[in-house]
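There are 2 protein chains.
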Amino acid sequence: MADLVELSDPDDPRLADYRDLRDVELRKSLEAEHGLFLAEGAKVVRRAVEAGYDARSFLMAPRWVEGLDDVLARSAGPCFVLSEALIEQVTGFHVHRGALASLHRRPLPGVEEVLAGARSVLVLEDLVDHTNVGAVFRSGAALGFDAVLLAPRCADPLYRRSIKVGMGAVFTTPWTRIPDWYGALPDLSRRGFTTVALTLSDDSVPIEEAVAGVDRLALVLGSEGHGLSSRWEDSADRRAIIPMRAGIDSLNVAAASAVACYAAARR
Amino acid sequence: MADLVELSDPDDPRLADYRDLRDVELRKSLEAEHGLFLAEGAKVVRRAVEAGYDARSFLMAPRWVEGLDDVLARSAGPCFVLSEALIEQVTGFHVHRGALASLHRRPLPGVEEVLAGARSVLVLEDLVDHTNVGAVFRSGAALGFDAVLLAPRCADPLYRRSIKVGMGAVFTTPWTRIPDWYGALPDLSRRGFTTVALTLSDDSVPIEEAVAGVDRLALVLGSEGHGLSSRWEDSADRRAIIPMRAGIDSLNVAAASAVACYAAARR
Numbered sequence: 033m034a035d036l037v038e039l040s041d042p043d044d045p046r047l048a049d050y051r052d053l054r055d056v057e058l059r060k061s062l063e064a065e066h067g068l069f070l071a072e073g074a075k076v077v078r079r080a081v082e083a084g085y086d087a088r089s090f091l092m093a094p095r096w097v098e099g100l101d102d103v104l105a106r107s108a109g110p111c112f113v114l115s116e117a118l119i120e121q122v123t124g125f126h127v128h129r130g131a132l133a134s135l136h137r138r139p140l141p142g143v144e145e146v147l148a149g150a151r152s153v154l155v156l157e158d159l160v161d162h163t164n165v166g167a168v169f170r171s172g173a174a175l176g177f178d179a180v181l182l183a184p185r186c187a188d189p190l191y192r193r194s195i196k197v198g199m200g201a202v203f204t205t206p207w208t209r210i211p212d213w214y215g216a217l218p219d220l221s222r223r224g225f226t227t228v229a230l231t232l233s234d235d236s237v238p239i240e241e242a243v244a245g246v247d248r249l250a251l252v253l254g255s256e257g258h259g260l261s262s263r264w265e266d267s268a269d270r271r272a273i274i275p276m277r278a279g280i281d282s283l284n285v286a287a288a289s290a291v292a293c294y295a296a297a298r299r
Numbered sequence: 033m034a035d036l037v038e039l040s041d042p043d044d045p046r047l048a049d050y051r052d053l054r055d056v057e058l059r060k061s062l063e064a065e066h067g068l069f070l071a072e073g074a075k076v077v078r079r080a081v082e083a084g085y086d087a088r089s090f091l092m093a094p095r096w097v098e099g100l101d102d103v104l105a106r107s108a109g110p111c112f113v114l115s116e117a118l119i120e121q122v123t124g125f126h127v128h129r130g131a132l133a134s135l136h137r138r139p140l141p142g143v144e145e146v147l148a149g150a151r152s153v154l155v156l157e158d159l160v161d162h163t164n165v166g167a168v169f170r171s172g173a174a175l176g177f178d179a180v181l182l183a184p185r186c187a188d189p190l191y192r193r194s195i196k197v198g199m200g201a202v203f204t205t206p207w208t209r210i211p212d213w214y215g216a217l218p219d220l221s222r223r224g225f226t227t228v229a230l231t232l233s234d235d236s237v238p239i240e241e242a243v244a245g246v247d248r249l250a251l252v253l254g255s256e257g258h259g260l261s262s263r264w265e266d267s268a269d270r271r272a273i274i275p276m277r278a279g280i281d282s283l284n285v286a287a288a289s290a291v292a293c294y295a296a297a298r299r
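Chains as they are written, first to last, in this note's numbering: chain A, 33 to 299; chain B, 33 to 299.
Simulated from the structure, these hints should not be mistaken for lab results. Some hints here could point you the wrong way.
In this list, chains with the same sequence are indistinguishable; a pair is considered to hold if it fits within one copy or across any two.
Claimed, not checked - The list that follows gives simulated cross-link-like pairs (lysine to any residue, SDA-like), each with its CA atoms no further than 25 Å apart:
(1) 75 with 248
(2) 60 with 101
(3) 196 with 161
(4) 75 with 276
(5) 75 with 270
(6) 196 with 273
(7) 75 with 185
(8) 60 with 125
(9) 196 with 255
(10) 75 with 137
(11) 75 with 148
(12) 60 with 222
(13) 75 with 278
(14) 60 with 224
(15) 196 with 262
(16) 196 with 234
(17) 196 with 163
(18) 196 with 226
(19) 60 with 44
(20) 75 with 143
(21) 196 with 277
(22) 75 with 265
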């Protein structure tokens, strides 16, 4: 059972996990160093704990405590209770739906384990935007993808904003990082997946055609700005596009991934 | 030809159009009152002017002037030139890709005019998030939709953030507001459109099935939180869903609209 600890000093050192949440660079180093991540919002906090993540602590305004009492009951870490105004002072912004938790990261599983039994897998190269990473996890989960693999430099799916946009899909979808960027796609091919890269290439075919008849599918997405690296583009089994009207900027990666997942789910 | 006016005082009254860009409520009332809207980023500024919007003025750091000189040459309003640090003081944030323009809104066209020749139309009820409105315009344009109709309370597609997320699709896609919320969908039916509402309803069918064989299509999307009003849900010709895995939160409206547009484009 999490102890309820009422605090009135926003500088209390026990609140260190929750400071300056808008400072992305600071947060990235702090969270990596301490092996933690933050969940924001009562629903997402609940999903993190229900998915088995251990809470270091919670931080919430009084009115959120009751609705989360079963979540607190199964957690060891303390629950710091502050007024909403003080929480805003600590975190640097107005917290959406009042509750936060700081949770322990877990060791990432191996690729083998993540792929076990999976028929449809998303593979993200170097997405930089946490919002997009969250959106891709959410669309993939909704549209029937079983797992997600991330290149070494892809943005963190356990960053607060990724989790929030993804509505916690990162807690329920098996995922890990690929250790070897260079050999990633040939390795998937050897494991029996057909790798289909979404990219504007001379030999790209419409996505529906690219996934037709494919059993185990690895759908490969590149970064927001420059798309896939040439290594990944070249080493994929197939290249695919979403057919679009001429002269229009392409879909953003969140929209493109939703469309591609939909097309793939119907193969 | 826009006069270049170098300013060094961030409080200069000529910069009034550009103040406090992060204050959404202030901006909404200021922009409505003055009949203006803001475009942000060199590419989007260019697209606004090329689409025929008249600039009241421009605001940019020195290094953006040369790349936009043809745009400035065809505009009458002045171009205020400030350092990037001073621009940040005026606007309240770091301006992405350095250039801003304040442009005159134009009277909205009638529904008749917007629908002329259109085969695929998006109809948005009460979306509240400018990011989503921009994303829907962009996906619609990319995937072959010809026009957009907005309910009276839908968020503004000419708000700075809508425009930016939509990459200026709002400049090239015919759109207007529907004057009569209550009768909107029956009116579209009378005009020869089949109205298909994306909504979780007892009689919803998969989107692909709902659009099959439809000639003139009006695809109807509801707000982020509560979806469509019951009036719109009930008065649509057909109700449709995107088939999803059980137990997963639905797609967000930007992802759902991309998928629905894709399915509709292939009807």
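| message | Please list, smallest to largest, the hint numbers that this structure does not respect. | response | 1, 2, 5, 7, 11, 12, 14, 15, 16, 18, 20, 22
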